[in-house]
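Here the working numbering is used: the first residue of the sequence shown is 9, the next is one more, and so on.
By construction, these hints were calculated from the structure, which means they are not laboratory data. Among the hints, a few may not be true.
DSS-like mimics (lysine-lysine), calculated; alpha carbons at most 27 Å apart, straight line [unchecked claim]:
(1) 159 <-> 125
(2) 209 <-> 14
(3) 141 <-> 166
(4) 189 <-> 127
(5) 14 <-> 70
(6) 166 <-> 99
(7) 141 <-> 83
(8) 125 <-> 155
(9) 99 <-> 189
Quick list of the computed label-pair ranges, beta carbon to beta carbon [claimed, not checked]:
(10) 24 <-> 101: 42 to 52 Å
(11) 134 <-> 39: 36 to 46 Å
(12) 136 <-> 28: 36 to 46 Å
(13) 77 <-> 201: 22 to 32 Å
(14) 14 <-> 94: 44 to 54 Å
(15) 21 <-> 140: 20 to 30 Å
(16) 13 <-> 156: 19 to 29 Å
(17) 99 <-> 187: 45 to 55 Å
Where a beta carbon is used, it is the ideal one built from N, C-alpha and C, also for glycine.
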Amino acid sequence: MNEFEKLLVELREHIDELEETFIHQFIANRMAQPDEYEHHVKAYCVLCHAAFEKYFENLVLKVMDRCLDERIRLKKYTDTLVTLVSYYEQKLVIDLNENADETRVFDHLRYIFDEVKRKFSADVNNNHGISLKYLRRLLIPVAIDIKEDIKLKNSLHKLASERGEYAHNSKKGTLAPEYAKNCVEDCLELCEDIKEKAENKFS
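Modelling step: build the complete structure from the supplied sequences, incorporating the hints.
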C-alpha cells in the first residue's frame, strides 16, 4: 500500500466510524424525526468536513515533498514543481558582481524550491475549508485537477456550507441523515479521484 492509498484507507475508516457513531441508527430507523437526529447529523457533518480537510492537506504536502525529493535524487522536474514556482512567483536572481564567487544553478534552484516549500506549507497549515475555493488553493499548486463533476461538486459545496452554518451560526434544522451520508459518499469519490491523480505522478 503506497502513502496515498494509506491516506484514503484511513480516511474511509474514520468516516465509517463517524457514520456508525452518529447517524447509522437514524438511517436504520426511517421513522426518526428531525428533533431526534438534528445534533447527531450536525456532529457527523462537522467531523466529516474536518476529516476531508485533513486528508486534502496531508495529500498535497506529500505530493510536494515527494516531487522535491525526486528533483534531488533523480534530477526529475515535474509539472508540480512548475506550478508551485509559478504560483509563488519565484524568480531566478543572478548576481552580476564579477568579483563574487559563482553560484551553482543547483543552489539557485534549491533556494527557489526551499522558498516554495516554506510558503506552500504555511498556506496548507492555514487552510480552513474544503469548498472549491480552498480546494483549488490546495490542489492546483501541486498540479492536480479537480474532477469536473457537477454532482460531486454540489455535494462538496453542501457539506462545506452546512458545516459553516453548524459551526458558526447555530443554524436551526439539519440535513436528513441519508442525505448527509450521500454527500459524504460523493466527497469520498472525489477523494478517490484525487488520490489516483497523486499516484499517477509517481507511477
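>> Of all the hints numbered above, which does this structure not satisfy? Sort the numbers upward.
In response: Of the numbered hints, 1, 4, 6, 7, 9, 12, 14 do not hold.
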